[in-house]
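Q: Sequence:
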Amino acid sequence: MENWLHHLLDWLPEGKTYLGLILIISLFESLPIFGLLVPGSSLVVLAGFLIVQGKGAFIPLIAACTLGAIMGDIISYWLGARIGPQLMRKKSFRKRRPLLKRAEAFFSQHGGKSLFFARFLGPLRGIV
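If you read the sequence shown in my numbering, its first letter stands for residue -12, the second for the next number, and so on.
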């Protein structure tokens, strides 16, 4: 099992370029739809492997992961604010008006908690 990881290590560029790769993966993992396709746990494994192999330092890797996640969350918020109201007016969403009302009521009551916990629940991260 360790063999493929060493092939990955040979593929990775020297220097700090991998930090950009980690940042981009973290960013895409935080975006709607992409978050469903890009598993965040693989990013943690890659970061840990880089640290163990001496290719990366803990603090810069954590900083790249955090910065990418924050950037992805900001982009997600911006997309929701800009496109969300237009999407809700579409015919396919009008049919589900009762579900949308329930979701709005839930977020009114539990918004902060649900956003915080959804961040740690895999597929929900990209949806919420």
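If you're looking for bench data, these hints aren't it; they were derived computationally from the structure. Just so we're clear, the structure is a prediction, and the values are computed from it rather than from any experiment. There's no promise every hint is true.
Think about it this way: if two alpha-carbon atoms lie no more than 30 angstroms apart in a straight line, the pair counts; the simulated DSS-like pairs of lysine-lysine are [stated by the list, open to error]:
id, residue 1, residue 2
1, 77, 88
2, 3, 42
3, 100, 88
Q: With reference to the structure, classify each hint as holding or not holding.
A: Evaluated hints:
no.	hint	verdict
1	77 - 88	holds, 15 angstroms
2	3 - 42	holds, 9 angstroms
3	100 - 88	holds, 19 angstroms
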